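In the order they appear, the protein sequences are chains G and X.
So in our numbering the end of the first sequence lands on 121, straight run, no missing numbers.
So in our numbering the end of the second sequence lands on 121, straight run, no missing numbers.
Worth flagging that the hints you see were computed from the coordinates, not collected in a lab.
Here the structure is a predicted model, which is why all the values come from computation and not from measurement.
Hints are all accurate, no fakes.
When chains are identical, the list treats them as one kind, so a pair holds in a single copy or across two.
Within a straight-line C-alpha distance of at most 27 Å, the following computed DSSO-like cross-link-like pairs (lysine-lysine) qualify:
id : residue 1 : residue 2
1  : K61       : K11
2  : K45       : K86
3  : K86       : K22
4  : K86       : K61
2 protein chains.
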Amino acid sequence: MQYTPLRFREKLAMIREPWSPKIIANLNDYHCKLAKLKGEFVWHKHDETDEAFIVLEGSMKIDFRDGSVALMAGEMYVVPRGVLHKPCSESGCSVLLIEPAGTLNTGDAGGERLVENPEWI
Amino acid sequence: MQYTPLRFREKLAMIREPWSPKIIANLNDYHCKLAKLKGEFVWHKHDETDEAFIVLEGSMKIDFRDGSVALMAGEMYVVPRGVLHKPCSESGCSVLLIEPAGTLNTGDAGGERLVENPEWI
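All chains, full assembly: derive it from the sequences and hints.
Structural data, given as structure tokens:
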């Protein structure tokens, strides 16, 4: 039997709107999610968990209160729990996010960009 | 302050021997590890955890008792807990592994290819 891999390019083609993570896999009680980012997100933090950003295409920046990290395709960063951050991508990018299932995209901030139950693709 | 991303290419340049995962990041109580694979590994399973393989360069195959999955760069697969598997890569590849800290590379099999305390790079 031939099992099917998760192909990032195929899955990303199914995502239209930015800042709306889609779940592609379970890893124990974690979710692997794909998202397209474009423009600026909201300042927020996750008090209960670290959050891994792996950039697949394009480039992005994560702003912190005391600085920032610039990320390109082939680079990753783990935002520590409790650290206020604001992801942004001027030219647009695609990322793989890894974090515990149920982690909210807007963290403690809530608001209109909250996606409470991300779709599986 | 400019924070530094984890650059897969830079980190991979520090890895010489195949089948010897190196830790590059903590994600809560998980480890993100880079490894180069070349040739065949040993049959093993992880009874306590799923294991994520994300292929960064090259191609690989994971054999199961009832089939296999072929993976190229830009593809991932989560091997479910308890499932016997044997990773192999004829032409060589680089992978990002995500699994709980302490997960052994040879799982339940032990043996001479066991790397008990992977190095941080």
